[in-house]
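Trainee: So you can see what is in the structure, the chains are spelled out below.
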Amino acid sequence: MFQLQLFIEYFKQYLKVRLAYRWDFVVQLGTDFFFQAVNLVFILVFFGHTKTLNGWTQHEVIFIYGYFLIPWAIFSAIFNLWDFNERYVIKGEMDRILTRPVHSLLQVIMETMTPESLIGVVTGVIVMGWAATGLEIEWAWYDPILLLVFALGGVAVYGGIFISLISISLFTDSKSDLQPIIYNIGTYGRYPVNIYHRLIQFVLTWVLPFAFVGFYPASYLLDKTQWQWYALITPLVGAVYLGIGIMIWNWGIRYYRGAGN
Amino acid sequence: MREMDAIYAEGLTKEFKVYQSRGGLWGAFRDLFDRHYRIIRAVEGIRMRIQPGEMVGYIGENGAGKSTTIKMLTGILQPTSGELKVNGFDPHRERERFVKTIGVVFGQRSQLWWDIAVQESFRLLQKVYQIPPKEYKSHLERMVSILEIESLLDQPVRKLSLGQRMRCELAASLLHKPKLLFLDEPTIGLDVLVKDNIRTFLKEINQELGTTILLTTHDISDIEALCSRVIMLDKGKIIYDGSLTQLKKVWGGRKKVLLETEREIAITDFKSRTVDLPVTWESTGKRQYVAYLEQGEVAVSDLLARVVQDIPILEMQIEEASTEEIVRKIYQEGIPDA
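Protein chains in written order, with this note's numbering: chain Y, 246 to 506; chain V, 13 to 350.
If we strip away everything but chain Y, and leave its shape as in the complex, we get (with noise of 0.2 Å):
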């Protein structure tokens, strides 16, 4: 498992590095904090106005919302890559990445992460928490398991579509801008897909499967029959699109073109 000791290895870096700014770190912290407390009163307030919607419960769509905040985050630590065509390939910081002797994308991911986004995780409980004494939820012992492997499985849909776009750096030398488009990204997934046009749920599903990352994994633990089989196969889902991402990059590697000089 050389990969994961390296990653380790980098993760003692990082927090090497925030140590040693240690008012930088105990701001951001602060700070992670307070943007946690007002996203979680934003989201209450928000939907304290809407008693049902489609017919969904306030507390189920809190319910959504909440879990959706844990792969969200866990994605947000990962893969800290939103100015990489800035940072990697216009600024030429790839060519360093290209001439050492481990994956290419899994450098790029160790030198950016951001474990601190991982206090998302805690947010989304506390709302799934709140929500879950407005409903009648049995949990079974298995579902906790369930949940996190459905997250992770979130986590590789978006981080597939994610690498995917910003490939898309690799294979043009224009600055182009990709960001809204992948800051956007965030957005989907967190409501009920039933609630969209029927042409919207089925892009949100099979194109760019955003519903695979919030809404089909909660609509199980809420025992919604109905799309019990979806949220099965988000591992499955996940792992073709992070493959699919892979594969663009490591074609868009061939096209990288290096920074003038």
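Read the hints as simulated data drawn from the structure, not as lab findings.
All residues carry an ideal CB built from backbone N, CA and C; glycine is no exception.
Check before you lean on any hint, since a few could be wrong.
[Unchecked claim] In silico lysine-lysine, DSBU-like type, Cα no more than 35 Å apart, as pairs: (1) Y:K336 / V:K207; (2) V:K171 / Y:K336; (3) V:K247 / Y:K261; (4) Y:K257 / V:K112; (5) Y:K336 / V:K247; (6) Y:K261 / V:K146; (7) V:K171 / Y:K257.
[Claimed, not checked] With the C-beta cut set under 7 Å, the calculated list includes, among others, these residues of chain Y facing chain V: (8) E254; (9) V262; (10) D340; (11) I342; (12) R345; (13) R499.
Assemble the complex: chain Y is given as a structure, and chain V must be docked to it using the hints.
Mentor: Here is chain V on its own, set in the frame of chain Y:
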């Protein structure tokens, strides 16, 4: 292909597709639908054989294709066509295994992590290259002492001066004992003392570990200090590949020997003394004479032996074109028959 070649390249070519934009707003609009591309051949059919243990200088003007070549040799870029084997690997296709056998220093770009202390960078590289701890420790200790970077180890890279950083970069690039070291402008912007320190270090590494070194530089004195062989690139093609002495001999032009004598000597006197040597004489002032020696043919001692016997000489000076001048001349005039 010989197994032993550290670098084997045949017909190595790299083309870039460059997008050409039309002028004006209407042009920009048309570009949206119909783009025009131009193919630029940055490197064209390069042939290169480098033996293990060689120190080779790779020179060329800006835009001649040096960096592109180095990037292909280090596996960063995939060649458009041609054959390439470095340390027996296809650098791009077998990248992860291949890069374990090479070290890379890009003068203009740091290989170290900016925010963490130098020794932390080293430690991380130890893990990345999977160097056994014992081997790592002894090797690191040696390099630290030769490069005199002991006191820098606990500083973050961004606080180092350029010279300090460069010494750390060199150590970092050699931690895994690569067989082949690529140096792209390693002495750019450094002061003379640091340059010297680095050159001495490179010589030691080359002699003791047998590390093959390919060096690109703008500073010809790097090449003079280190490399016996030079490869010269112009507009993507190799225009010279051979020894530095040969380069000087062939394109160095005539050597000039300037003499100042105690008394006036007839120019014919000089001429008669050296009648069997390919030397031309000229008087440039009172008691001042110049002898032009045809390139490479005559030893200066031969000439002097015939002159100094009974002519009292006050001053003497030998002028020779520097490598830098030769290189500049070649770029301006081109090589007559390369």
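Trainee: Are R499 (chain Y) and chain V close enough, Cβ to Cβ, to be under 7 Å, as the hint says?
Mentor: Holds - the Cβ of R499 (chain Y) comes within 7 Å of chain V, reaching about 5 Å at its closest.
Trainee: If you take the shortest Cβ to Cβ gap from V262 (chain Y) to chain V, is it below 7 Å?
Mentor: 5 Å, holds
Trainee: Can you verify the interface hint for D340 (chain Y): is its Cβ closer than 7 Å to any Cβ in chain V?
Mentor: 5 Å, holds
Trainee: Holds or violated: K257 (chain Y) with K112 (chain V), Cα cutoff 35 Å?
Mentor: This hinted pair holds, its Cα atoms lying about 23 Å apart.
Trainee: CA of K171 (chain V) to CA of K257 (chain Y), is that 35 Å or under?
Mentor: Measuring from Cα to Cα gives roughly 21 Å; hence the hint holds.
Trainee: CA of K261 (chain Y) to CA of K146 (chain V), is that 35 Å or under?
Mentor: Roughly 24 Å separates the two Cα atoms, so the pair holds.
Trainee: Under 7 Å, Cβ to Cβ, is where I342 (chain Y) needs to be relative to chain V, so tell me if that hint holds or is violated.
Mentor: Hint on I342 (chain Y): violated, closest Cβ of chain V at ~9 Å, above 7 Å.
Trainee: Is the interface hint for R345 (chain Y) satisfied, with its Cβ closer than 7 Å to some Cβ of chain V?
Mentor: 6 Å, holds
Trainee: Does the structure keep K336 (chain Y) and K247 (chain V) at a Cα separation of 35 Å or less?
Mentor: 25 Å, holds
Trainee: Between the alpha carbons of K247 (chain V) and K261 (chain Y), is the straight-line distance 35 Å or under?
Mentor: Not OK: K247 (chain V) and K261 (chain Y) at ~47 Å, beyond 35 Å, violated.
Trainee: Does K171 (chain V) pair with K336 (chain Y) here, judged by a C-alpha cut-off of 35 Å?
Mentor: Distance of about 20 Å is within 35 Å: holds.
Trainee: Restraint: E254 (chain Y) near chain V, CB-CB cut 7 Å. Satisfied or not?
Mentor: 5 Å, holds
Checked against the numbered hints above, the structure breaks hints 3 and 11 and satisfies the rest.
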